[in-house]
Amino acid sequence: MYYRSDIIYVYDGSFYGLLCCAAESMVKKEQPFRIVKENDMLPSIFECRRIETCEAIARKLLLSIERNISLHVKRFIYLAFLSQLEDRETMIVDFIHMAYSRGRQILEDRTAEPIHTLWKAVVNLQNESHLFKGFVRFTDYGGVMVSEIEPKNSVLPLIKDHFVSRYPRELLFIYDKTHHQALLAKCGKGRIIALGDEDIDFFAPEETELKFQELWRCFYGIVSIEERRNEACQNSHLPKRYRSSMTEFQDHRRIQPKARQELNR
Amino acid sequence: MELIDKLSILSGAAKYDVACTSSGVDRNAGGGIGSTRSYGICHSFTPDGRCVSLLKVLLSNACIYDCAYCVNRRSNDIRRAAFKPEELAELTIGFYRRNYIEGLFLSSAVIRDPDYTCEQMIRTLRLLREEYCFRGYIHAKIIPGTDERLISILGMLADRVSVNLELPSNQSLKLLAPDKSKETILKPMGAVTNKIAENRSDIVKYRSAVKFAPAGQSTQMIVGASPESDYQILTLAENLYGRYKLKRVFFSAYIPMVEGKNLPALDTKPPLLREHRLYQADWLLRYYGFKARELLDEENCNFNVYVDPKCSWALSHLDFFPVEINNASREMLLRIPGVGVRSVQRILTARRTRSLDYEDLKKLGVVLKRAVYFITCKGRYIAGLRMDHDRILNALLSKKTLDAFMGQGMEQLSLFDTSREDVLKCITGQI
Ligand code: SF4
Chain A
1 MYYRSDIIYV YDGSFYGLLC CAAESMVKKE QPFRIVKEND MLPSIFECRR IETCEAIARK
61 LLLSIERNIS LHVKRFIYLA FLSQLEDRET MIVDFIHMAY SRGRQILEDR TAEPIHTLWK
121 AVVNLQNESH LFKGFVRFTD YGGVMVSEIE PKNSVLPLIK DHFVSRYPRE LLFIYDKTHH
181 QALLAKCGKG RIIALGDEDI DFFAPEETEL KFQELWRCFY GIVSIEERRN EACQNSHLPK
241 RYRSSMTEFQ DHRRIQPKAR QELNR
Chain B
1 MELIDKLSIL SGAAKYDVAC TSSGVDRNAG GGIGSTRSYG ICHSFTPDGR CVSLLKVLLS
61 NACIYDCAYC VNRRSNDIRR AAFKPEELAE LTIGFYRRNY IEGLFLSSAV IRDPDYTCEQ
121 MIRTLRLLRE EYCFRGYIHA KIIPGTDERL ISILGMLADR VSVNLELPSN QSLKLLAPDK
181 SKETILKPMG AVTNKIAENR SDIVKYRSAV KFAPAGQSTQ MIVGASPESD YQILTLAENL
241 YGRYKLKRVF FSAYIPMVEG KNLPALDTKP PLLREHRLYQ ADWLLRYYGF KARELLDEEN
301 CNFNVYVDPK CSWALSHLDF FPVEINNASR EMLLRIPGVG VRSVQRILTA RRTRSLDYED
361 LKKLGVVLKR AVYFITCKGR YIAGLRMDHD RILNALLSKK TLDAFMGQGM EQLSLFDTSR
421 EDVLKCITGQ I
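Each protein sequence line maps, in turn, to chains A and B.
Quick note: the first sequence uses my numbering, first residue 1, plus one each step.
Quick note: the second sequence uses my numbering, first residue 1, plus one each step.
Excised from the complex, chain A in its bound form (with noise of 0.2 Å):
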């Protein structure tokens, strides 16, 4: 069996590092206290212990847990990783050791924790993911289509084939700011990349991409119907912090007068 220590494990932030984590704490047949990403690291009076990241040790994990437990195990594994849920990875740990107990029936158990808090912070990531695949503005920046989004869950890998498949012909940068990563998509492909930290600036865009912005502006401000008015319900569709980088809620006129000057230059 396994005993729960007072050690933490300290990984680099990377689904294949807490998978090793995962694997660590089997061979060492102990449940770690917490596990934390290095960048999150606070002083703290319980052992640390750093795991190294193995992509042939993750693999190896992920294809015994497909073959042992299920696909949907594994999966569901991967979008708690991708959840916003705090502790996330302790829980994912204990989730797993549960699984290899307890087989495939595990998921059907939702009212039993961990599974129920791993499970609602599934469905919230799900959820927001489905949102985004509305909620993305693109801006033609000389035929690179650039998107920046503020997702509270990391949903790039969960909107990556839906945009992919839509735009085979663009060239797609969507820019998530709260992750610092981004997708690149390019002839029917894609891929996500991490990026600093630091904000992007774009430049201006052009006088097309603005009259598309202002005839999408003025087509959102008609059809709403004021005698039917009801923002209670439009801010439980579309919650405000959604709002900011979405074409339609921005003001032009705090646009237009610095790209009108960049396109006079």
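A few of these clues could be false.
Distance windows between CB atoms, simulated [as the list claims (entries may be wrong)]:
(1) Asp115(B) to Asp199(A): 55 to 61 Å
(2) Ser244(A) to Gly289(B): 40 to 46 Å
(3) Asp201(A) to Gly365(B): 38 to 44 Å
(4) Met156(B) to Arg241(A): 41 to 47 Å
(5) Ala383(B) to Lys37(A): 41 to 47 Å
Straight line, CA to CA, 27 Å or less: simulated BS3-like cross-link-like pairs of lysine-lysine [said to hold, decoys possible]:
(6) Lys84(B) to Lys211(A)
(7) Lys152(A) to Lys240(A)
(8) Lys363(B) to Lys152(A)
(9) Lys189(A) to Lys177(A)
(10) Lys211(B) to Lys133(A)
(11) Lys60(A) to Lys160(A)
(12) Lys187(B) to Lys245(B)
(13) Lys261(B) to Lys182(B)
(14) Lys195(B) to Lys247(B)
(15) Lys15(B) to Lys187(B)
(16) Lys211(B) to Lys187(B)
(17) Lys152(A) to Lys74(A)
(18) Lys363(B) to Lys74(A)
(19) Lys120(A) to Lys74(A)
(20) Lys15(B) to Lys182(B)
(21) Lys160(A) to Lys37(A)
(22) Lys247(B) to Lys211(B)
(23) Lys15(B) to Lys269(B)
(24) Lys152(A) to Lys362(B)
(25) Lys186(A) to Lys160(A)
(26) Lys160(A) to Lys120(A)
(27) Lys120(A) to Lys363(B)
(28) Lys60(A) to Lys28(A)
(29) Lys60(A) to Lys29(A)
(30) Lys240(A) to Lys15(B)
(31) Lys15(B) to Lys133(A)
(32) Lys120(A) to Lys362(B)
(33) Lys205(B) to Lys245(B)
(34) Lys84(B) to Lys15(B)
(35) Lys120(A) to Lys378(B)
(36) Lys120(A) to Lys37(A)
(37) Lys189(A) to Lys160(A)
(38) Lys15(B) to Lys211(A)
(39) Lys195(B) to Lys211(B)
(40) Lys120(A) to Lys369(B)
No wet-lab data here; the hints were simulated from the structure.
Glycine included, every Cβ here is placed at the ideal spot set by N, Cα and C.
Since the structure of chain A is provided, determine the placement of chain B with the ligand on it from the hints.
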């Protein structure tokens, strides 16, 4: 006229059509641009809380017909505009590339005659599908009286087609839409139903056959401009689902925009609560196994303003309750007030591994507020439950509805007084 002026006139004229769904088909871009997703995607929400999914516009608002309730009618003095097919195709692609929309919802006033109008729409859709290789969602409206040959072309270009029923009875049509009739509406509707059926069997035979309206057919009717009861309307909807295999029937609360001797006065409030109840009942027909006759009849021919149709059914069928969560059939679980399709699915899955009690239900996200009066877990009601009249009313009605019920006239009651949860549920269909 500038494009932006055309857009504002022609989207302003189209916005009262309530259907804006983009669901029902899965398709990828191939080598072109665009895809569709069967679950549908909302791109924005307007201050009225409605989803923006499609670029919803009229091709033209210069109508030769004179429907009493419509802003575009011939005798109304308004600015008229029309898109050139090239203009509209370019605009659609421009919006789509920026991920503003899921596709196009194209409707039109009757330009010269129904066939000419349909031809113009076909030109626009051809440009999109053939020149731009657009593979996103298209919903096209069919004008009553359009020739079948044109309908078959339109249906090959669009994902969904619809003929508006406009009003729930033939008398009302005669009175308010004299240029239309039951026949000119039902004929194209029937033609679409047949084409869809033929096409589906062709697809089985020849795999390469092009799909005809893969997202099916829908319709819309105005509620509150004419005197029909909820019972008549709901029965009509039920028949349309059965006979014409419609995917959706939309109801649109009448908003007075023009004066007319046969119309409600201009200051009449749109019957939003009534529309809301009809949608709730519509979900019950489509997903919960209810029949129109179970919900209403000739005597009780309108929905209760205080409680939703499911609650109201449960209250008049108390002998079916309580339902035991751990062994009731799916059909019975679906009849518990406040428990939606998704919750039922979760209950069914979870009870395979263990028998459930109230804590488990909460964790599964089942909303218990109303349900507790109608269920038992392992043979027991929830601890502390008191079945007195006031408490039950409290749980089943929102605060404001309750006040209205307790005596202060109910004229002020509107959709906005039903709880927010209620409004959300109607939209997601989890009643
Ligand atoms: S046919 Fe009737 S409802 Fe349609 S646009 Fe013309 S007047 Fe309006």
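Each hint, compared with the structure:
Distance hint check for aspartate 115(B) and aspartate 199(A): the Cβ-Cβ separation is about 56 Å, which falls inside the suggested range of 55 to 61 Å. Between serine 244(A) and glycine 289(B) the CB atoms are about 44 Å apart, so this pair conforms to the stated range of 40 to 46 Å. Taking 38 to 44 Å as the suggested C-beta distance range, the pair aspartate 201(A) and glycine 365(B) conforms, at roughly 43 Å. Under the hint 41 to 47 Å, the C-beta atoms of methionine 156(B) and arginine 241(A), about 42 Å apart, fit the expected range.
For the hinted restraint 41 to 47 Å between alanine 383(B) and lysine 37(A), the CB-CB distance of approximately 43 Å keeps it satisfied. Distance check on the hinted pair: lysine 84(B) and lysine 211(A) sit about 18 Å apart at the alpha-carbon level, within 27 Å; holds. For a cut-off of 27 Å, the pair hint linking lysine 152(A) to lysine 240(A) stands: about 13 Å separates their Cα positions. With a C-alpha separation of about 23 Å, the suggested pair lysine 363(B) and lysine 152(A) falls inside the 27 Å cut-off, and the hint holds.
Distance restraint check for lysine 189(A) and lysine 177(A): the Cα-Cα separation of roughly 22 Å lies within the 27 Å cut-off, and the hinted pair is therefore satisfied. Proposed proximity of lysine 211(B) and lysine 133(A) is supported: the alpha carbons are some 25 Å apart, at most 27 Å. The hinted pair formed by lysine 60(A) and lysine 160(A) meets the criterion: a straight-line CA distance of about 25 Å does not exceed 27 Å. Restraint check for lysine 187(B) and lysine 245(B): the C-alpha separation of about 14 Å stays at or below 27 Å, so the hint holds.
Of the supplied pair hints, the one linking lysine 261(B) and lysine 182(B) holds, its CA atoms being roughly 22 Å apart against a limit of 27 Å. The hinted pair formed by lysine 195(B) and lysine 247(B) meets the criterion: a straight-line CA distance of about 15 Å does not exceed 27 Å. Restraint check for lysine 15(B) and lysine 187(B): satisfied, since their Cα atoms lie roughly 26 Å apart, inside the 27 Å limit. For a cut-off of 27 Å, the pair hint linking lysine 211(B) to lysine 187(B) stands: about 21 Å separates their Cα positions.
Taken as a hint, the lysine 152(A) and lysine 74(A) pair is honoured in the structure, with Cα atoms around 22 Å apart against an allowance of 27 Å. This hinted pair checks out: lysine 363(B) and lysine 74(A) have alpha carbons roughly 23 Å apart, not beyond 27 Å. Of the pairs offered as hints, the one joining lysine 120(A) and lysine 74(A) holds, with about 17 Å between alpha carbons and a cut-off of 27 Å not exceeded. The straight-line distance between the Cα atoms of lysine 15(B) and lysine 182(B) is roughly 24 Å, inside the 27 Å bound, and the hint therefore holds.
The suggested pairing of lysine 160(A) with lysine 37(A) holds, with an alpha-carbon distance near 25 Å, which does not exceed 27 Å. For the proposed pair lysine 247(B) and lysine 211(B), the alpha carbon gap of about 16 Å is at most 27 Å, so the pair holds. Distance hint between lysine 15(B) and lysine 269(B) is fulfilled; the C-alpha atoms sit about 18 Å from each other, no more than 27 Å. A distance of roughly 25 Å separates the Cα atoms of lysine 152(A) and lysine 362(B); the hinted pair therefore holds under the 27 Å criterion.
Taken as a hint, the lysine 186(A) and lysine 160(A) pair is honoured in the structure, with Cα atoms around 12 Å apart against an allowance of 27 Å. Restraint check for lysine 160(A) and lysine 120(A): the C-alpha separation of about 22 Å stays at or below 27 Å, so the hint holds. Proximity of lysine 120(A) to lysine 363(B) is assessed by CA-CA distance (about 9 Å); at most 27 Å being required, the pair is judged to hold. Among the hinted pairs, lysine 60(A) with lysine 28(A) is consistent with the structure: their alpha-carbon atoms are about 17 Å apart, no more than 27 Å.
The suggested pairing of lysine 60(A) with lysine 29(A) holds, with an alpha-carbon distance near 18 Å, which does not exceed 27 Å. Between the alpha carbons of lysine 240(A) and lysine 15(B) the distance comes to roughly 24 Å, so the proposed pair stays at or under 27 Å and holds. For the suggested pair lysine 15(B) and lysine 133(A), the alpha carbons sit about 23 Å apart, so the restraint of at most 27 Å is met. A threshold of 27 Å between alpha carbons decides the hint, and for lysine 120(A) with lysine 362(B) the separation of about 12 Å falls inside it, so the pair holds.
Taking the CA atoms of lysine 205(B) and lysine 245(B), the gap is about 22 Å. The hint holds against a cut of 27 Å. Pair hint lysine 84(B) plus lysine 15(B) holds up; C-alpha atoms about 20 Å apart against a cutoff of 27 Å. Taking the CA atoms of lysine 120(A) and lysine 378(B), the gap is about 25 Å. The hint holds against a cut of 27 Å. Only pairs whose Cα atoms come within 27 Å are accepted, and lysine 120(A) paired with lysine 37(A) is accepted, the gap being roughly 22 Å.
A hinted pair counts as satisfied when its Cα atoms are at most 27 Å apart, and lysine 189(A) with lysine 160(A) qualifies at roughly 9 Å. At roughly 22 Å between alpha-carbon atoms, lysine 15(B) and lysine 211(A) fall within 27 Å of each other, so this suggested pair holds. For the hint pairing lysine 195(B) with lysine 211(B), the CA-to-CA distance comes to about 10 Å; that is within 27 Å, so the pair holds. With a C-alpha separation of about 21 Å, the suggested pairing of lysine 120(A) with lysine 369(B) holds against the 27 Å cut-off.
Figure legend: structure checked against the earlier numbered hints; every hint is met.
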